[in-house]
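As given, the protein sequences belong to chains B and D, one line each in that order.
Take 1 as the starting number for the first sequence in my numbering and just add one per residue.
Take 1001 as the starting number for the second sequence in my numbering and just add one per residue.
One should not assume that every hint holds.
Here are the computed lysine to any residue pairs in the SDA-like style, where the Cα-Cα straight-line distance is at most 20 Å [claimed, not checked]:
(1) B:K83 / B:S24
(2) D:K1033 / B:T68
(3) D:K1067 / B:K79
(4) D:K1508 / B:D39
(5) D:K1067 / B:K7
(6) D:K1067 / B:S40
(7) D:K1067 / B:N57
(8) D:K1067 / B:V30
(9) D:K1508 / B:N57
(10) D:K1067 / B:Q65
(11) D:K1002 / D:G1219
(12) D:K1002 / D:L1218
(13) D:K1067 / B:K52
(14) D:K1067 / B:I46
(15) B:K52 / D:Q1512
(16) B:K52 / D:R1216
(17) B:K79 / B:Q65
(18) D:K1190 / D:L1074
If you want the footprint, here are the derived chain D segments under chain B, 3+ residues with CB under 8 Å [said to hold, decoys possible]:
(19) 1061-1070
(20) 1080-1094
Hints in this document: simulated from the structure, not taken from any laboratory.
Glycine included, every Cβ here is placed at the ideal spot set by N, Cα and C.
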Amino acid sequence: MQDSEIKQAIISIIGDIAPDEDTSNLKPDVRLREQIDLDSMDFLDIVMELRKQYGVNVPDTDYMQLATLDSCVNYLRPKMQGKTLKV
Amino acid sequence: MKYDAIIIGAGMSGLAAGIRLAMFDKRVVVLEKHYVWGGLNSFYQFKGRQFDVGLHAMTNYIPRGAKGRPLTRLLKQLRLRHEDLDLHEQNYSLISFPSAKLRFTNDFSVLRDEVRREFPAQRDAFDNLTRAIADFNELDLSAPRQSAREVVRRFVTEPLLEDMLFCPLTFYGSAIEHDMDWDQFVVMWKSIYMEGFARPTKGVRHVLTLLTNRYRELGGELRLRAGVKRIVSRTGEAVGVELENSEVLEADCVLSSAGFVESMKLLEPTASAVGCMPMRTGNPTADAVGLNGHIGRLSFTESISVLNPGAMPTDATIIFFSNRDRFEYRCPDELVDVDSGVICMPQNFRLDEPIAPMVRVTNIANHAKWCALRRDDGVDSSVNVPADWGQGLGARDQGSGSNPQSPIPNPLGNDAYTAAKQACYERSINAITPRHLADFRPQVSMIDMFTPRTIEHYTGHLGGAVYGSPVKRRTGETPVKNLYVMGTDQGFLGIIGAALSGISMANKWVLQRDGVLTERDA
Ligand SMILES: Cc1cc2nc3c(=O)[nH]c(=O)nc-3n(C[C@H](O)[C@H](O)[C@H](O)COP(=O)(O)OP(=O)(O)OC[C@H]3O[C@@H](n4cnc5c(N)ncnc54)[C@H](O)[C@@H]3O)c2cc1C
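Chain B on its own, in the form it takes in the complex (with noise of 0.2 Å):
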């Protein structure tokens, strides 16, 4: 997968969690958590998404790696790689 498909991913997934957030214009650098109203109930509900509809695996102990975009794409590049994007 692209880099840009990681991230329309998220992009997505964070749109099915909170369909009450205007997801169109996301800073790739910004944390997540200071642009939409997300907690760590919803960071698990990103989690259970990747895996639900990637098959990949976050453990707890790497959530921190999802804090902005940017990261999610550094961190998923290797997880994703192979996968289509489903939006």
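Fit chain D with the ligand to the known structure of chain B by using the hints.
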């Protein structure tokens, strides 16, 4: 087939937990003994009209876009949009005592101004209390238990103001007589005074349809008329349930919204070991009395008067009242205490389309007294509009507020239950009008009333205890492994509270623990 989780009860907590588990492809079944879902907050049809069992108001109202509040958390966890709930805000509510009245709305500054007007000497006390509440983290489940009365008295020194502030919060969420746990007080304060009241036009039906549809879309299984007769356990570990029809279902985990004592009773007799297990709660009084101290003593009657179209006895949405300046939130010695309660006018939310005007009155009631009344089989126990209330109601009675008390029947007389309902209904209405709202008696076209017996029958809560056990189990754990309580007895009350409880218990004990991150699922 073995389920990942079995959920006992299709109330708010059970449905919300079911949605969470079905969302992540868990094999889950919600078992409900009743033929309809909703639990304490269900709906029914009576004489061709639709009624809600519980709903006065949804608490925790915030406008769309407000961050980090319970309602936003609930919406996100269930993947709902704010607009899906179709919420309409209240006009205003009133705390009405003989010597003072306080108005509040979904804007906290209104209450603050009212307190300053009625209790000028308490203005700083109130602000300091407000600050202490804002600073307290009610989500920290490890905080030590404190009496809310004691904490509030450190700030508020005027007993009338103290009682007035407690009145709405206890009525909408205290399982403890005359007090609350401080953390529960903070939860209720925020959800009622700082957030606020709203209602979907179609009432609780709308919320329940939303939840059941979501659950079914996600592939969740809901079984009605599927009462759990027994929770099956082996060596101190829950492994499934046996239904009334003797069918046995196996599961890795059982989440029960039936109540703590109720769930413990479902374990017997096989798990007799559990019966001898000391039920340590950390609360010395409760521990001394054993399980009995866990059965709540607060039950309610609800008297519902449907009014003629256009009737408008008040524009207030909800009135929390006491006819005595010292407010008593206790199980009364009589069938019912008509001198305090909650009056709700569901038509006084800012709805898009008008609904039939009603006055719903909640009073605290004595479950044991109601149970002692003889009830004859096959007798229609409806309450009738008293003959002298109709158009012919003379100026003699109207508005005088001094109607003679309807006599309470002999408990063993012919169908004493129906006679007591009629008498208590009349007392309940006579006690509020015209004191707290204009006399609406000539406009009553139909009546329904339910009692602690009705509540116990439909929800299974022992003692008809609306808010369950006075001893809450904040982590959901029970003495039996893999059996967790959620909803009322986990300590989160009301529609929003119960739903959030179901969500957090499903997250904590199924999804986070052995759920999505295990090898088996991988
Ligand atoms: C008169 C009244 C007015 C209220 N007004 C409001 C209000 O205005 N706003 C508000 O927010 N809250 C209100 N509430 C409170 C609110 O309804 C409850 O706090 C909430 O619905 C509790 O949900 P729950 O899931 O914890 O439990 P419950 O609703 O009690 O659900 C438990 C379910 O489990 C089922 N069950 C029990 N035992 C078994 C068994 N053995 N097998 C299978 N199923 C079983 C029951 O049938 C029930 O459906 C009111 C309650 C009452 C009674």
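Verification of the hints:
no. : hint              : result
1   : B:K83 / B:S24     : 23 Å, violated
2   : D:K1033 / B:T68   : 46 Å, violated
3   : D:K1067 / B:K79   : 32 Å, violated
4   : D:K1508 / B:D39   : 15 Å, holds
5   : D:K1067 / B:K7    : 24 Å, violated
6   : D:K1067 / B:S40   : 14 Å, holds
7   : D:K1067 / B:N57   : 29 Å, violated
8   : D:K1067 / B:V30   : 18 Å, holds
9   : D:K1508 / B:N57   : 18 Å, holds
10  : D:K1067 / B:Q65   : 23 Å, violated
11  : D:K1002 / D:G1219 : 16 Å, holds
12  : D:K1002 / D:L1218 : 19 Å, holds
13  : D:K1067 / B:K52   : 27 Å, violated
14  : D:K1067 / B:I46   : 18 Å, holds
15  : B:K52 / D:Q1512   : 14 Å, holds
16  : B:K52 / D:R1216   : 19 Å, holds
17  : B:K79 / B:Q65     : 13 Å, holds
18  : D:K1190 / D:L1074 : 16 Å, holds
19  : 1061-1070         : holds (count 4)
20  : 1080-1094         : holds (count 3)
This entry does not satisfy hints 1, 2, 3, 5, 7, 10 and 13, going by the numbered hints stated previously.
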